[in-house]
Amino acid sequence: MSKYYALFHRLSGIALALFLPAHFWALGQGLEMDAFLAWTEQPLVKAAEWGIVVLLAAHLGGGLRVLAIEFLDWHEWQKSLAAVAAALMLAAGLAFALAL
Amino acid sequence: MSYRSDTTLWILQRASAAVLALCVSVHLFTIVYAVRGGLSAAEILARTRGNNAWLAFYSLFVLAVAVHAPIGLRAIAIEWLGWRGRSRDVCAFLFAAALAWMGMRAILAVFL
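From first to last, the protein sequence lines stand for chains A and B. Every position in the first sequence, counted from 1, becomes a number in the working numbering once 568 is added. Every position in the second sequence, counted from 1, becomes a number in the working numbering once 2 is added.
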């Protein structure tokens with residue numbers, strides 16, 4: 569289970585690193601942002617937004633797991649931590665889906 | 003890069019992760035709050051313009067991510083691509099600089 573978390577943590581990290589320049593560029597538009605926001609109303613873009621928010625939550629959960637394993641003597645708790653990471657991901661995803 | 007530099011990068015990666023854990027948690031709540039009823043430039047700017055506490059928070063967030071993301075990508079470049087040598091470290095540094103520049107530019111556009 570642990571190796572899948574490590575892989576997912578990497579893949580979500582890569583996705584977030586690719587997303588960040590676009591995110592910063594869009595915000596850098598200031599008042600011109602509305603043209604970009606209109607573009608984001610498309611269903612596929614909305615789905616992608618939902619995906620990136622879930623990946624952010626998942627990367628947070630996975631990162632907390634890494635920090636706990638490396639800095640706390642909790643090795644036997646890895647499964648519980650993994651569960652917490654999954655719960656965080658799900659909760660953020662559902663909250664964002666409800667808010668859309 | 004020497005072992006010592008790798009250790010420094012590892013520490014920077016973990017220290018920035020600890021900062022980001024807090025920043026991302028706050029940001030996730032902010033996202034859910036902000037997207038209710040849809041987003042518009044006017045609505046975003048009404049919330050952000052002149053708000054110095056959030057300006058400070060997001061400046062810290064951007065700097066932490068500019069440290070964190072390139073170090074993570076560098077580690078992946080080493081382990082998955084076998085990319086070694088100076089070119090890899092130069093690219094990681096350029097990505098860090100680009101993130102810091104674009105991120106701070108975004109913050110100035112939204113908060114000032």
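Because the hints were derived from the structure by calculation, they are not lab data. As the structure is a prediction and not an experimental result, all values here were calculated from the model. Where is the CB? At the ideal position from N, CA and C, for every residue including glycine. Among these hints, one or two may not hold up.
Claimed, not checked - Listed below are several chain B residues computed to face chain A (Cβ distance under 7 Å; list not exhaustive):
1) Ala17
2) Ala19
3) Val26
4) Leu30
5) Val34
6) Ile73
7) Leu75
8) Ala79
9) Arg107
10) Ala108
To be verified - Residues on chain B that point at chain A, a partial pick, calculated with CB under 10 Å:
11) Ala20
12) Gly40
13) Ala58
14) Ala77
15) Ile80
16) Gly84
17) Gly87
18) Asp91
19) Gly105
Hints versus structure:
1. With a cut of 7 Å, the hint placing B/Ala17 at the interface with chain A is violated, because the nearest CB-to-CB distance is about 10 Å.
2. At a threshold of 7 Å, the smallest CB-CB gap from B/Ala19 to chain A is about 5 Å, leaving the interface hint in force.
3. With 7 Å as the threshold, the beta carbon of B/Val26 comes within range of chain A, its nearest partner Cβ sitting at about 5 Å, so the hint holds.
4. For B/Leu30, the interface hint holds, the least distance from its beta-carbon to any beta-carbon of chain A being 5 Å, beneath 7 Å.
5. A distance limit of 7 Å between C-beta atoms decides the matter here; for B/Val34 the minimum to chain A is near 5 Å, and the interface restraint holds.
6. The criterion of a C-beta within 7 Å of any C-beta in chain A is not met by B/Ile73, whose closest approach is roughly 10 Å, and the hint is violated.
7. With a cut of 7 Å, the hint placing B/Leu75 at the interface with chain A holds, because the nearest CB-to-CB distance is about 6 Å.
8. Checking B/Ala79 against chain A: minimum C-beta separation of about 11 Å lies over 7 Å; hint violated.
9. About 5 Å separates the beta-carbon of B/Arg107 from the nearest beta-carbon of chain A, less than 7 Å, and the hint is met.
10. For B/Ala108, the interface hint holds, since its Cβ comes within 7 Å of a Cβ in chain A; the closest pair sits about 4 Å apart.
11. At a threshold of 10 Å, the smallest CB-CB gap from B/Ala20 to chain A is about 7 Å, leaving the interface hint in force.
12. At a threshold of 10 Å, the smallest CB-CB gap from B/Gly40 to chain A is about 8 Å, leaving the interface hint in force.
13. Contact between B/Ala58 and chain A, as hinted, is not supported at the beta carbon level, the nearest pair being about 17 Å apart and thus beyond 10 Å.
14. Given hint, B/Ala77 at the interface with chain A, holds; its Cβ is 9 Å from that chain's nearest Cβ, closer than 10 Å.
15. Checking B/Ile80 against chain A by beta carbon gives a least distance of about 12 Å; that is not within 10 Å, so the hint is violated.
16. Using the Cβ-Cβ criterion of 10 Å, the hint placing B/Gly84 at the interface with chain A is not satisfied: the shortest such distance is roughly 16 Å.
17. With a cut of 10 Å, the hint placing B/Gly87 at the interface with chain A is violated, because the nearest CB-to-CB distance is about 21 Å.
18. Because the smallest distance between the Cβ of B/Asp91 and any Cβ of chain A comes to about 16 Å, over 10 Å, the interface hint for this residue is violated.
19. Annotation: B/Gly105 was flagged as interfacial toward chain A, and the flag holds, the nearest CB pair being 5 Å apart, inside 10 Å.
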